[in-house]
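As given, the protein sequences belong to chains A and B, one line each in that order. Residues 192 to 544 in the working numbering are what the first sequence lists, from first letter to last. Residues 2 to 252 in the working numbering are what the second sequence lists, from first letter to last.
Hints were generated in silico from the structure; no laboratory data involved. Careful: at least some of the hints might be erroneous.
With a straight-line cut-off of 25 Å between C-alpha atoms, the simulated BS3-like cross-links for lysine-lysine are [as the list claims (entries may be wrong)]:
| # | chain 1 | residue 1 | chain 2 | residue 2 |
| --- | --- | --- | --- | --- |
| 1 | B | K8 | B | K160 |
| 2 | A | K395 | B | K193 |
| 3 | A | K395 | B | K10 |
| 4 | B | K193 | A | K237 |
| 5 | B | K8 | A | K395 |
| 6 | A | K412 | A | K395 |
| 7 | A | K541 | A | K453 |
| 8 | A | K490 | A | K513 |
Just the calculated beta-carbon pair ranges, DEER-fashion [what the hints assert, rightly or not]:
| # | chain 1 | residue 1 | chain 2 | residue 2 | range |
| --- | --- | --- | --- | --- | --- |
| 9 | B | N14 | A | E374 | 52 to 62 Å |
| 10 | A | E374 | B | I159 | 54 to 64 Å |
| 11 | B | Y236 | A | I378 | 25 to 35 Å |
| 12 | B | Y236 | A | Y381 | 48 to 58 Å |
| 13 | A | P301 | B | K187 | 49 to 59 Å |
Quick reminder that beta carbons are idealized off the backbone N, C-alpha and C, glycines included.
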Amino acid sequence: MAERVLMKGNEAIAEAAIRAGCRHYFGYPITPQTEIAAYMAKKMPKIGGVFLQAESEIASINMVYGAAAAGMRVMTSSSSPGISLKAEGLSYIAGSDIPAFVVNVQRGGPGLGGIQPSQSDYFQATKGGGHGDYKMIVLAPASVQEMASLTIKGFNLADKYRMTAMILADGTIGQMMEPISFEDAQIETYEKPWALTGTNCERKHNVVNSLYLQPDELEKKNFERYERYKAIEQTEAMWEEYMMEDAELCVVAFGIASRVAKNAVAAARAEGIKVGLIRPITLWPFPTQALNAAADKVKGFISVELSMGQMIEDVRLATQCKRPVALCNRCGGMIPSPDEVLDSIRKAQKGEF
Amino acid sequence: MAVVFEKPKSLANVPLHYCPGCPHGIIHRLVAEALDELGIEGKAIGVAPVGCAVMAYDYFNCDMIEAAHGRAPAVATGIKRCRPENIVFTYQGDGDLASIGMAETVHSAARNENITVIFVNNAIYGMTGGQMAPTSLPGQVTQTSPYGRDVNHCGWPIKVCEMLATLEGPEYITRVAVNNVKNVNKAKKAIKKAFQNQMDGKGFSLVEVVSACPTNWGMTPQQALEWVESDMLPYYPIGVYKDRSAAKEEG
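In isolation and in its complexed conformation, chain A is listed as follows (with noise of 0.2 Å):
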């Protein structure tokens, strides 16, 4: 039997980061994510590796930026204000086509907001949150062990396409503790020619850059670039389907807000009303697929989230406005509990949306 070793969700991400041969880390102190840099100062040294807490999130991205354009695993991670200052490089990054691995535990906003959990970066991560045209990779665990194995899968994303990829993670599962394995992590390695290593006076200079100041140039980059991208929609999405099979009613909701929907989704079973669950685990991609197919079969959905309404309108795009959609939504740092989204599932049965 594989062996389990119980570890805080912030803490799976960092080991799940050394097993996938990150040896960078750079980041810059804000709640509820310091345990991932609390676990790398410690851990890096001894693996011959390097933490370092830069002068700010700017900084810390930046570094990545750096170390990502030197052909190394490395990552950053912190919370939705820190993410806001990192959204000028995670721009650079995505127009110079590097590979990085950055976190957000999620907590409410806006502003300064709050520390508790939250989904409210759900605009920021999947339609861009820095300038220009570009996306990155979303993944958003639901559990401890997601967030070690999504952690893996998520390095070899971002050296595969040659982009970001971003854990969406929120306070809880951040904090919360369960047992978890790591027996199944597939480490991929990809060749990384463009990295600066020095020409050693034997090859032509690599040169990382986002700047083409003719404009065709710069649309033919885009454009490539979103080829790319296409590839991806229609590879990598990833989601779970709970009780889907004979559901008249569709509960979409990732993260933690999917553990709260799936207990009520078992509740309503019990009153047997037929709905079941769309998890996606891929915000970007977006499982687009699945949940225009059960458009095709549920008489609505309902989204579950910690936002005021976010991942719903791409509920609306995938499903392409067929079934009428409800929000089931607490923020700020609340969480709603399984009876206000069985509430929402009983109105829906009775054609409330």
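Based on the hints, put chain B in the right spot on chain A.
Here is chain B on its own, set in the frame of chain A:
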């Protein structure tokens, strides 16, 4: 026939985009000569800024990266911490290094990052068309200080070398100029030393090069070099502000 003068190997054989009379060409050449003479072109990784030198990544033959505005020392830190065997340098202007990137400058110096920083101070934002810089002189007329820099309104110019020299961290902080042949030769020595320091593992070395911007100062190249001597150097005196190894040897 003997070759008595040629382009440094580290400098790419491409036309530079700089304005006529701009000393960036001289400073690029000094950096390239230092790389050649120390035999480190193949190990060098350069970080270009945002500003007039934004396209420096096309001008040096070593591996290059283009940083966001002011972030070059952070990018250089990331590279150097991954590849300590490589020689990592930044090439930055005054807006980049002393305004938007001040935090990155101060903290990389405080950490004594083993990198080399070439800081070109021409007291103006050149690329965007001549706005007031953190190093513009009191009374200096620019696009955004059209009545002259009023220190009561927008504060005093920052003396980067003097400020960084107060830190325990950095190894070598010096100010040079490129307004005449004698100063160019001194600048070359300082730049070479700043790279040698990195090769020797000594840490953060910054060379401030007082330069000119004839185009945005509204002067001829000759007048601009004279203004460096008459107006800039009295406020920004040439000299070594910190040299830890030399101090140790003397001490």
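Hint check:
{"no.": "1", "hint": "B:K8 / B:K160", "result": "33 Å, violated"}
{"no.": "2", "hint": "A:K395 / B:K193", "result": "24 Å, holds"}
{"no.": "3", "hint": "A:K395 / B:K10", "result": "13 Å, holds"}
{"no.": "4", "hint": "B:K193 / A:K237", "result": "35 Å, violated"}
{"no.": "5", "hint": "B:K8 / A:K395", "result": "17 Å, holds"}
{"no.": "6", "hint": "A:K412 / A:K395", "result": "21 Å, holds"}
{"no.": "7", "hint": "A:K541 / A:K453", "result": "20 Å, holds"}
{"no.": "8", "hint": "A:K490 / A:K513", "result": "9 Å, holds"}
{"no.": "9", "hint": "B:N14 / A:E374: 52 to 62 Å", "result": "55 Å, holds"}
{"no.": "10", "hint": "A:E374 / B:I159: 54 to 64 Å", "result": "56 Å, holds"}
{"no.": "11", "hint": "B:Y236 / A:I378: 25 to 35 Å", "result": "56 Å, violated"}
{"no.": "12", "hint": "B:Y236 / A:Y381: 48 to 58 Å", "result": "52 Å, holds"}
{"no.": "13", "hint": "A:P301 / B:K187: 49 to 59 Å", "result": "53 Å, holds"}
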